[in-house]
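Residue numbers (the working numbering), protein chains in the order written: chain A, 472 to 720; chain B, 232 to 457; chain C, 10 to 232.
Quick caveat, the hints were computed from the structure, so don't treat them as lab data. Heads up, the beta-carbon is just placed ideally off N, CA and C, and yes, glycines get one too. One thing to keep in mind: the hints can contain errors.
[Stated by the list, open to error] To spell it out: a stretch of chain A is covered by chain B in this simulated footprint if at least three of its residues, at any positions, have a beta carbon under 8 Å from a beta carbon of chain B; those stretches are:
{"id": "1", "segment": "571-585"}
{"id": "2", "segment": "620-629"}
[Claimed, not checked] Below, in silico cross-link-like pairs of lysine-lysine (DSBU-like), each with a Cα-Cα straight-line distance of 30 Å or less:
{"id": "3", "chain 1": "B", "residue 1": "LYS356", "chain 2": "A", "residue 2": "LYS634"}
{"id": "4", "chain 1": "A", "residue 1": "LYS582", "chain 2": "B", "residue 2": "LYS356"}
{"id": "5", "chain 1": "A", "residue 1": "LYS689", "chain 2": "B", "residue 2": "LYS356"}
{"id": "6", "chain 1": "B", "residue 1": "LYS356", "chain 2": "A", "residue 2": "LYS586"}
{"id": "7", "chain 1": "A", "residue 1": "LYS582", "chain 2": "A", "residue 2": "LYS634"}
{"id": "8", "chain 1": "B", "residue 1": "LYS356", "chain 2": "A", "residue 2": "LYS607"}
{"id": "9", "chain 1": "B", "residue 1": "LYS356", "chain 2": "A", "residue 2": "LYS655"}
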Amino acid sequence: MATTDHAILDARAIRKSFGSLEVLRGVDLNVAEQELVFIIGPSGSGKSTLLRCFNRLEQPTSGTIVVDGIDILAPGVDINAMRRRIGMVFQSFNLYPHLNALGNVTLALRKVLGKPRDEADEIAMAALARVGLAEKAKSYPNELSGGQQQRVAIARALALEPKVMLFDEPTSALDPELVGSVLKVMRDMRESGMTMVVVSHEMQFARTAADRVVFLDKGEIVEAGAPERIFGSPAQTRTREFVTRIEHR
Amino acid sequence: MTDLDRFLSTFFNLEVMARYLPMIVDGFVLTTYLALVIIATGLTAGLLLAVIRSQQIRLVNWTIVFLVDMFRALPPLVIIIMIYFALPNVGLGVSGFVAVWISLSLVLTAFAEEIFWAGIVSVSKGQWEAARSTGLRFEQALLYVVLPQAVRLTIPPLTNRAIAITKGTALGSVVAVPEILTQAQTGLSFSYNPSTLTLGALAYLILFVPFVVFGRWIETRFAWKR
Amino acid sequence: MTLIIDSFFNVKIMQAAFPLLLQGLGMTIVLCFVVIPVGLAGGLIVALLGTQGSNWVRWPLVAYVDFFRAFPPLVLLIFIYFGIPFTGWDIAPFTAVVLGFLLNTSSYYGEIFRAGIESVVRGQFEAARSTGLSAAQTMAYVVVPQAVRNVVPDLISNTLEVAKLTSIASVVALPELLFAARSAQSITYNASPIVLAALFYLVLLWPVVRVLSRLEHRMLARH
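Only chain A is shown next, with the shape it has when bound in the complex (with noise of 0.2 Å):
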């Protein structure tokens, strides 16, 4: 895969701390343009939270965070203008339920982009065509499977083309059945050469699919490097032990 030195995201620093409870320790991370980097780690380990400092969903307590060459921690940055840029999808979908597939894919185009409902009915459509989920246009999150209303979250940020995309443990909320659906999706997604930073625990996928694999745990990076090496070889112990721990599931 052609990777560029160019930094999408550049995460330096970042603590966060909810309370007393430090949950990031000065964690940094560079991710580059068109790379598929996958953060793994235990539970509690600040996965999650690392992802949502990337859109400011949390509020680091200190650190810098810049996106395709913006400090999106500065104050007076736009946040709303950098979040479009900056695609999220979550653990639990998080579909409107009072819109249909096309109305939660447009609803930002049309609102924060301003876009004519033409044309912003066009642009959903073709992304909800990109997760294979075209005919599922009028259809209602409820009347949706797990797979598809994920596959039309991810639409729902790839409409508004955003420079990096970020999951948020897109299939643990999945039946096992659902789970290949979308990772497809997100395989098509890298093929194509969208920046991906993801948290999960499908294994296999990060041994496929991933650039760079991250081990976090206790709220610091331990170890980072292609996934051969980190599945093969770790050169950390409690890499090692997350490894085969998680291996023999």
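Starting from the known structure of chain A, fit chains B and C onto it as the hints suggest.
What follows is chains B and C alone, placed relative to chain A:
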């Protein structure tokens, strides 16, 4: 049969009813108008307060909760009498119509705020996050994502509450608002025949039964299917 | 400013009116203790009949409930108090109030109990009947206790409304709290007694509103 005849001529005296029908119709029109302005004022103000409350400014929220509690605890008739009989003491005399309008609007505002607020709170945090993650501003997320879901949940309780409170327009008879009950009582004092009350009661039923039936229908339709 | 204090918070007048208002408060509380149990019992009967019986029983009950939910309680009270004497029965204010409240509140309570009974899952009836309980026993020991628990906030909410509603008894000259306050006001030409009555209502009912508000939010959090 004479007993029945006497009963009918006392409570269903068509001649008396016909004579006072125009008065009752006037009252009906006024009651309808009063009910509509109360609903419009109360729901708008209630929604506005709930939206302000969602901004989570502590001092503002305490004030809202304080006012809401107060107007849920005070009997509407007490509020009406305070406004109608007490305000003139400081030179702020208002008509009975305005007194009832303000009082019942305040009461409906209090209840509507609570209901709208509960609706807003019941929308999951993930909905806010999804909306904000696509770049929608707070107000946009509220308007396009949260409120449409919140309002759905609030329709049944709001319908019932609006009916219960607008029925209170009958309290206007205490402060001389010429609504249905006032007209019916005036009719009674002239005719000395309670058929005017029967007619007034019918007018209320014509006005409110459709709402009650509508409320029942909407309750089954919008029942918490989540 | 002094005008406002003199007209609304006149301590001297409040002191003078206090005993009278206290008597009124006593009557309001007596009224509550009569009309609330009567309404609850009536409502439970309406709900039990409405959820058991054939359509011949159910539809008249639905009509009864909707009729009195559409009927403003003050209109009902006036109708009873000023209408019934035309039949030759001289009805006392207290009786008129109790009768009016029975009709009005049993409809509201009935609707709440019905929703509660319908919220109890079918399996509960079946489980109870399968152990040999009779239909009446099933209702009494299994269904109604769960039904009531499911609608506690609505029951409290309606009870609050009933307590507030007792103020309309003042219109038929029943000497409850608001009536006492209005008498004192008309003697003194000062609004302070009304303000004092409002304070009495707040002291009496504010705690109920608080409890209710917490319960409602907790119920919602479970959804």
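Quick rundown of the hints versus the structure:
1. 571-585: holds (count 4)
2. 620-629: holds (count 3)
3. LYS356/B with LYS634/A: With Cα atoms ~25 Å apart, LYS356/B and LYS634/A stay inside 30 Å; holds.
4. LYS582/A with LYS356/B: The given pair, whose Cα atoms are some 20 Å apart, holds under the 30 Å limit.
5. LYS689/A with LYS356/B: Holds. LYS689/A to LYS356/B sits at ~25 Å (cutoff 30 Å).
6. LYS356/B with LYS586/A: Answer holds: LYS356/B to LYS586/A is near 27 Å, not above 30 Å.
7. LYS582/A with LYS634/A: Given pair LYS582/A, LYS634/A holds - Cα atoms ~19 Å apart, limit 30 Å.
8. LYS356/B with LYS607/A: holds, 26 Å
9. LYS356/B with LYS655/A: holds, 28 Å
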